[in-house]
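In case you want the letters, here they are:
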Amino acid sequence: MSIGASLRTDPKRELWFVWYSTVAFYSLYSVVFFVLTRTQPPGRPWLTPEQTVGWFADRHWGLLVGFALIFVLGGFSATSIALITYSIRRMSVSRAYAYSYLILYAIAAIPGFLFICVAMTVGAMRPERDPTLMHWLYDFGFLSFSGTMGVFLVGSLVWMAAILLDKNGVFPRWFGYLNLCNALTEVVIAPSWIFQRGVLAWNGVIAWWIDVAVFGMYTVVFIYLLRSLIQRDDLGTGPVPALPPAAAPRAHPLAKVLAG
Amino acid sequence: MTAIEDVHTDPGVDEDGHVPGEGDMWFFVVFESLVFTSYFCVYLYYRAQHEHAFLKAQSALNLPLGIVETILLLTSSWAIARCVQEVRAARYRSAQRLAMVTAGLGVAFLGCKLAEWVRLIGEGHTFTSSEFMQHFFFLTGMHAIHLLIGFVVLGVILYQLADPRRRSHQTIETCSTYWHTVDLFWVLIFALLYIVR
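Quick note, the sequences are listed as chains A and B, same order.
Read in my numbering, the first sequence has 163 at position 163, and its numbers run on one by one without any break.
Read in my numbering, the second sequence has 1112 at position 112, and its numbers run on one by one without any break.
Hints are supplied without guarantee of correctness; some may be wrong.
Here are the in silico distance ranges between beta carbons for each label pair [said to hold, decoys possible]:
#1 1122(B) x 194(A): 18 to 26 Å
#2 1071(B) x 34(A): 41 to 49 Å
#3 239(A) x 1071(B): 41 to 49 Å
#4 41(A) x 1062(B): 37 to 45 Å
#5 1166(B) x 96(A): 35 to 43 Å
#6 169(A) x 1159(B): 16 to 24 Å
#7 41(A) x 1195(B): 31 to 39 Å
A few chain A positions that, by computed beta-carbon distances, are all more than 10 Å from chain B [stated by the list, open to error]:
#8 4
#9 38
#10 76
#11 79
#12 93
#13 99
#14 121
#15 128
#16 131
#17 137
#18 214
#19 219
#20 224
#21 230
None of these hints come from the bench; they were simulated from the model.
Beta carbons: idealized from backbone N, C-alpha and C, even for Gly.
Only chain A is shown next, with the shape it has when bound in the complex (with noise of 0.2 Å):
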């Protein structure tokens, strides 16, 4: 069957557009923020109203172009909350949990990663501006994008609780143990709005290297089984039945650690 034909035909065509969205999405964020903004790893708390003024001067075109990019095609984020809200539909849980989730990381990605684009893109609009300003442009964007994944905590125990009731089979259960991990990982990054410097700080070991080592784990995993769900799919309401063994994709190595 030609590609063509199988777009016309596949009735799950708009869920693989909604996961390899997904992939772009995540693919177009870590350039942005790691590479062309250099946003993350974030600066550090402690820089004085002279020193972000250097620091934005350092990234004037990456902070303007890089966040461009997002405010284009910043709107793709949508399409993996769309994909996990449709995964807990696939659930025999309440729609409640689908809606809680949908509203909860819509609402949350306006300060957890909006607010720091502007914020920068206005640092870097007009580099002559007074350094105080500079200095509070700089604190607002870390803190609005660090300080407030506390609120995406209750989004992955929502998760967590979906999968844990479900009886559909749409993920493994060490997934919504790993949801309960992320989510406690999210409490962590609290204390970044009491502490300027050490650990717990916004740039800190364990308010940002541990915990964004567990949040890439946890989006790759989620990633990967997301695209496992399509596949198995069956467009039913019942159990997601599983992929027959020709077709089954390779094993992942911790699901055969997992399973004995």
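Could you slot chain B onto chain A? The hints should help.
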């Protein structure tokens, strides 16, 4: 009795060779242990960098109270292990009592911990007063959050035991695994913060 029969009668391993409870819960145990291990490594690194300051701040801790807290949690682990044994023996009333004892010991631990935090803060040892106290309040606070989740888990056990139609041995074993994990984290935190000098 043969060696094979010995393996099958091992109380920690099922007849089919699986560990108690859901295998998936052991994923949580391993992953969360790795996360806590990374916190411990960070603590030990900074402790090695500022040994004198850490020792000075550490002297504000009340070691006897830490020992009492440890005994409370270890006893709660014993109680939840007995609870699982009673469930396996179909003595559900006794299992319910032991789950309640576990919860009571957990509450007592949390009460001691709160009293310790209040005393330290009253003496000027706050979250921001020193690097040691930053680690102390962080590690004990994270453990307290795990313990609070543990109360929800104990609630699941009591909910299961309350009705004969719901009594899933596997779920009860899974919940007890969580409780033991939280206790294990405390033993390590206690050793690092109170004992290591």
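Against the structure, the hints:
1. 1122(B) x 194(A): 18 to 26 Å: holds (19 Å)
2. 1071(B) x 34(A): 41 to 49 Å: holds (48 Å)
3. 239(A) x 1071(B): 41 to 49 Å: holds (47 Å)
4. 41(A) x 1062(B): 37 to 45 Å: holds (38 Å)
5. 1166(B) x 96(A): 35 to 43 Å: With a Cβ separation near 22 Å, residue 1166(B) and residue 96(A) fall outside 35 to 43 Å, so the hint is violated.
6. 169(A) x 1159(B): 16 to 24 Å: holds (23 Å)
7. 41(A) x 1195(B): 31 to 39 Å: Because 34 Å falls inside the window, the suggested range holds.
8. 4: holds (42 Å)
9. 38: holds (24 Å)
10. 76: holds (29 Å)
11. 79: The claim holds: residue 79(A) sits with its nearest Cβ about 27 Å from chain B, beyond 10 Å.
12. 93: holds (16 Å)
13. 99: holds (23 Å)
14. 121: Its Cβ never comes within 10 Å of chain B, the nearest being 33 Å, so this holds.
15. 128: The claim holds: residue 128(A) sits with its nearest Cβ about 36 Å from chain B, beyond 10 Å.
16. 131: holds (26 Å)
17. 137: holds (25 Å)
18. 214: violated (6 Å)
19. 219: At about 15 Å from chain B, residue 219(A) clears the 10 Å cut-off, so the statement holds.
20. 224: holds (15 Å)
21. 230: For residue 230(A), whose nearest Cβ neighbour in chain B is about 22 Å away, the distance exceeds 10 Å, so it holds.
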